[in-house]
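Asks: For reference, the chains in residue letters:
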Amino acid sequence: MRTNRIITTIALVCAATAALGANNFGLGGTETVKLDLPIAADGSVWIENPVGNIDVIGTDDDIVSVIAQKIIRGVDKDAVTEAREQTQILTSGDERVRAFKTQLPPLRSARWSSAVNYIIRVPKTVLVKIASQSADHIHLTNLTHSVTVKNTNGEVTLESVTGTAIVESVNGNISFDPRGRLGASVQLTTVNGQITVSLPDDASFRWTADTIAGDFKTNFRTVTGRMNGTQFRGGVNGAHGPMLTTASMMGGILVTRKGANPHESKSVRSFNTVVATNAGPVPYQRTIQTPFVGGDFTYSTTLGSIDVGQIAGNAMIDTGAGEIHLGLVKGECTLVSYGGPLNLGDIFGPLNVRTKAGDILINAARSGGFASTGGGLIRVLYSGAPLTLHSDGGDILIRSTTSDVTADTPSGDITINVDPGVRTATIDARTSEGTVVLNVSSRFAADIDATVITSDAEANAIQVDFTGLSFRREQVNGRTRIHATGKVNGGGEHVNLYAEEGDIRVKSNMMTPILSPAQP
Amino acid sequence: MSDCTALRESMPMLLTESLDAASRETTHLHIESCAACSDEWNALRETWQLLDEVPVVEPPPRLKQRFLAEIGQVETVASNVVPFHRRPATKWLTQAAAVVIIAGGSYFAGHRNTTNNVVPTHANVLRGPEVTSIQPAAYSIAETRTLNSKTLSPNIEGRPDIENVQFVDADPTDGQISLGFDITQHVTVSGAPSDKSMVRLLSYVMQSEDRVSPSRARTIDWVRDTYTKTGNADPEIAQALAKVLRNEQHEGVRIKAIDTLNSLAPKVAVTAEPTRDALIEALKSDPNPAVRLKAVEALARMASSGQQLDPESIDMLRQKANQNDENLYVRVKAAEALSTLSKIRPE
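In the order they appear, the protein sequences are chains A and B.
Final position of the first sequence in the working numbering is 1029; the numbers increase by one with none missing.
Final position of the second sequence in the working numbering is 375; the numbers increase by one with none missing.
Since the hints were derived computationally from the structure, they do not count as laboratory data.
Model, not experiment: these values are computed from the prediction.
Quick reminder that beta carbons are idealized off the backbone N, C-alpha and C, glycines included.
There's no promise every hint is true.
As the list claims (entries may be wrong) - Some chain A residues flagged as far from chain B (calculated, every beta-carbon gap over 12 Å):
id: 1; residue: MET758
id: 2; residue: LEU870
id: 3; residue: LEU890
id: 4; residue: ALA894
Said to hold, decoys possible - Subject to a maximum C-alpha distance of 25 Å in a straight line, what follows is the list of computed DMTMM-like cross-link-like pairs (lysine to aspartate or glutamate):
id: 5; chain 1: B; residue 1: LYS257; chain 2: B; residue 2: GLU301
id: 6; chain 1: A; residue 1: LYS1016; chain 2: B; residue 2: ASP249
id: 7; chain 1: A; residue 1: LYS543; chain 2: A; residue 2: ASP645
id: 8; chain 1: A; residue 1: LYS638; chain 2: A; residue 2: GLU591
id: 9; chain 1: A; residue 1: LYS726; chain 2: B; residue 2: GLU340
id: 10; chain 1: B; residue 1: LYS312; chain 2: A; residue 2: ASP868
id: 11; chain 1: A; residue 1: LYS775; chain 2: B; residue 2: GLU60
id: 12; chain 1: B; residue 1: LYS312; chain 2: A; residue 2: GLU832
id: 13; chain 1: A; residue 1: LYS726; chain 2: A; residue 2: ASP686
id: 14; chain 1: A; residue 1: LYS726; chain 2: A; residue 2: ASP711
id: 15; chain 1: A; residue 1: LYS638; chain 2: A; residue 2: ASP711
id: 16; chain 1: A; residue 1: LYS543; chain 2: A; residue 2: ASP564
id: 17; chain 1: A; residue 1: LYS610; chain 2: B; residue 2: ASP338
id: 18; chain 1: B; residue 1: LYS271; chain 2: B; residue 2: GLU325
id: 19; chain 1: B; residue 1: LYS312; chain 2: B; residue 2: GLU86
id: 20; chain 1: A; residue 1: LYS543; chain 2: A; residue 2: ASP570
id: 21; chain 1: B; residue 1: LYS178; chain 2: B; residue 2: GLU264
id: 22; chain 1: A; residue 1: LYS1016; chain 2: B; residue 2: ASP197
id: 23; chain 1: A; residue 1: LYS638; chain 2: B; residue 2: ASP343
id: 24; chain 1: A; residue 1: LYS726; chain 2: B; residue 2: GLU364
id: 25; chain 1: A; residue 1: LYS610; chain 2: A; residue 2: GLU557
id: 26; chain 1: A; residue 1: LYS610; chain 2: B; residue 2: ASP343
id: 27; chain 1: B; residue 1: LYS224; chain 2: B; residue 2: ASP197
id: 28; chain 1: A; residue 1: LYS638; chain 2: B; residue 2: ASP249
id: 29; chain 1: B; residue 1: LYS224; chain 2: B; residue 2: ASP287
id: 30; chain 1: A; residue 1: LYS638; chain 2: B; residue 2: GLU340
id: 31; chain 1: A; residue 1: LYS610; chain 2: A; residue 2: ASP564
id: 32; chain 1: A; residue 1: LYS610; chain 2: B; residue 2: GLU340
id: 33; chain 1: B; residue 1: LYS312; chain 2: B; residue 2: GLU325
id: 34; chain 1: A; residue 1: LYS726; chain 2: A; residue 2: GLU773
id: 35; chain 1: A; residue 1: LYS543; chain 2: A; residue 2: GLU591
As the list claims (entries may be wrong) - Label pairs and their computed distance ranges (CB to CB):
id: 36; chain 1: B; residue 1: PHE95; chain 2: A; residue 2: ASP958; range: 28 to 36 Å
id: 37; chain 1: A; residue 1: ASP827; chain 2: B; residue 2: ARG274; range: 48 to 56 Å
id: 38; chain 1: B; residue 1: PHE95; chain 2: A; residue 2: GLY930; range: 52 to 60 Å
id: 39; chain 1: A; residue 1: SER809; chain 2: B; residue 2: LYS271; range: 36 to 44 Å
id: 40; chain 1: A; residue 1: THR796; chain 2: B; residue 2: GLU53; range: 37 to 45 Å
If we strip away everything but chain A, and leave its shape as in the complex, we get (with noise of 0.2 Å):
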């Protein structure tokens, strides 16, 4: 195959025909770069524009028609020359594969920016492929042959696109209309946008569909397929043709006839030929916020946060993904996220609270309970009964707590500070990683079992502000095991701390007691 691999710098070659300010930008300008190259009727055009619009018009012809406008702006002259120099419009390629790149530094000065806008017409039957990051629009239309487009920021419209579409964006809205029935596959996928179709009544074709925080609307008379958690998969005037696949993670999907009202529209989960599995209401991401229930407050959604000021009565709260705040809850809190803290104030019930991800902080836990995450720090700052605490890896503090308290974790610190007016409790702490302290009134008396596994063969890792206790310091796989037993101030409730890697502190010295959340 002939190559004829033309690398260009435009700017440079066609610095006669700019159109304004080729000779003095003074605190910006522009710049606009004509090129007319020859290309096969099958033939692929790549374009590459970080910053800047791109407009592609299928033609007749038998050329690629270029007009970039590059626009520079700077903070003085120097920065405007810098920025002339360094964003370039660059073209590659032969007859087979046109190229046009713009190419920017990676780092780039903060003294000046840039963008080149891109109106590009090519034959209608080449395949088109354009990569963006920022811009205002990507617009396509009339092209025959695949379009292929991936963007971060900036709407992207393809009209008259007949062939396969695959468009991928960030931030950006969809907006596809092949002014006819569709013609081939097209999956258009956005995580932040909308997505719009606009078809003829009479197109037939499959349609699979995908949101967490949207919903699926069409005010096509026949629509049939099931929904199966956030998914559609079916089709619409009959499950076949070619397949459109939309998904958009925060944002909605609209399909809709030609020359209907748009406003008709609804969503594919009110049809009576989908069968819904695992698909529950509309997930649209939302915070419910309350200043005061005042009975039992029950709330379960798939996605969403939830703030409740004061609860007079129990909390059962369920999300799949969400953060949970509540101010006051007077009587039992059961909450379960799927993913998010838990920001939980004073708590006069039993808790029973897990997260799988996310830290957990706790004013007050009255009644005690039971708090879990699957990774996050918990901090409790007063405990008024037994409670029991588990993190998959964080560390776990307890600011002052009357009562006993079970607290594990495989990777983090353990501190329990006892209330200076305990006189015994029942404590067992455990960490695979990290350090343990506990600590409690000169008067606290305990049974108490520490061991610390180190594979630091000289660390001194128990430290005990108590006398009576009896250390042994053993070899085991290699590692140091140091294990201290014995009464404290008479012996009283178990104490069982165990620390590997870490240090086990028992101290005695606390003067300043913190004081418990006051009762409202």
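Knowing the structure of chain A, use the given hints to seat chain B on it.
Replies: Frame of chain A; chain B shown alone:
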């Protein structure tokens, strides 16, 4: 009922996506129409998901050996190999005596020839009336040396075993820190946190495996307190944290490593490419959703800190936001992180 039996047998294959399209469709349709099979399918799927969360544990060597022996797969020992016998107790006694003689000799020689630098704070601790620990205070029979980090080469030769690591910031206002450790003697290195020798030493302490005390988590805490202050941030510290993130087995330590990376000045983290790669890897494959969540936050911060968007980070976040089997909260956070990028318009 026979349909049910046959279709239930194909459920494991459906779960592992090994069924052909037709069978898959048939099985799905049946599941939707049969309550018993639907229950069975849901239970199977939940179990499968739970299995994903079970950590892979290497069996203890003795158990493995016993198992292999039972199934007759024990490696045969060549006849010319001498079996390894337990050392007799007398050998230990001889070694202990030798250690006592050498240590005693070193102590005597050391005291005759050098002046010990005793850190005053240690003395205070020992004299304090409140301390009633029955553990004796630590002391070393070897000499103690205090070195200025500026006088040291930043290159650490080999992989020395350093033990009993202590961090001291006696005066937080003087901009000096000290790192004490035992090597062949007790050494205290003092200097500014930004001194290359100090940075290298701390990086080494964070990355050393299993031979460093106190725990790595505490080292990271200390690094966070020291190196997140303005002017102290250093790319090498970020790289060391990235290595911890890659290699550490404990979730809590990995979370601390990401938190510390996140706290470091974003520009430091950006310039350290391994840091970004470690975060991407953590987001991609860390088994703990909390670690992945922290990685999302750190990546979002890194991605939005530079003038130019970082395509690899964005791609990873986009992938996570779209990944159906990812924790929903991680997906939402990845999407939220990406949405902040729409506010960054370099032009």
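Asks: Determine for every hint whether it applies to the structure shown.
Replies: How the hints compare with the structure:
no. : hint                               : verdict
1   : MET758                             : 5 Å, violated
2   : LEU870                             : 15 Å, holds
3   : LEU890                             : 21 Å, holds
4   : ALA894                             : 26 Å, holds
5   : LYS257/B with GLU301/B             : 21 Å, holds
6   : LYS1016/A with ASP249/B            : 21 Å, holds
7   : LYS543/A with ASP645/A             : 22 Å, holds
8   : LYS638/A with GLU591/A             : 29 Å, violated
9   : LYS726/A with GLU340/B             : 33 Å, violated
10  : LYS312/B with ASP868/A             : 21 Å, holds
11  : LYS775/A with GLU60/B              : 24 Å, holds
12  : LYS312/B with GLU832/A             : 23 Å, holds
13  : LYS726/A with ASP686/A             : 16 Å, holds
14  : LYS726/A with ASP711/A             : 17 Å, holds
15  : LYS638/A with ASP711/A             : 30 Å, violated
16  : LYS543/A with ASP564/A             : 14 Å, holds
17  : LYS610/A with ASP338/B             : 18 Å, holds
18  : LYS271/B with GLU325/B             : 18 Å, holds
19  : LYS312/B with GLU86/B              : 23 Å, holds
20  : LYS543/A with ASP570/A             : 16 Å, holds
21  : LYS178/B with GLU264/B             : 17 Å, holds
22  : LYS1016/A with ASP197/B            : 23 Å, holds
23  : LYS638/A with ASP343/B             : 17 Å, holds
24  : LYS726/A with GLU364/B             : 23 Å, holds
25  : LYS610/A with GLU557/A             : 5 Å, holds
26  : LYS610/A with ASP343/B             : 20 Å, holds
27  : LYS224/B with ASP197/B             : 18 Å, holds
28  : LYS638/A with ASP249/B             : 48 Å, violated
29  : LYS224/B with ASP287/B             : 23 Å, holds
30  : LYS638/A with GLU340/B             : 19 Å, holds
31  : LYS610/A with ASP564/A             : 14 Å, holds
32  : LYS610/A with GLU340/B             : 19 Å, holds
33  : LYS312/B with GLU325/B             : 14 Å, holds
34  : LYS726/A with GLU773/A             : 9 Å, holds
35  : LYS543/A with GLU591/A             : 22 Å, holds
36  : PHE95/B with ASP958/A: 28 to 36 Å  : 34 Å, holds
37  : ASP827/A with ARG274/B: 48 to 56 Å : 35 Å, violated
38  : PHE95/B with GLY930/A: 52 to 60 Å  : 54 Å, holds
39  : SER809/A with LYS271/B: 36 to 44 Å : 42 Å, holds
40  : THR796/A with GLU53/B: 37 to 45 Å  : 40 Å, holds
Violated hints, listed in ascending order, are 1, 8, 9, 15, 28, 37; each of the other numbered hints is respected by the structure.
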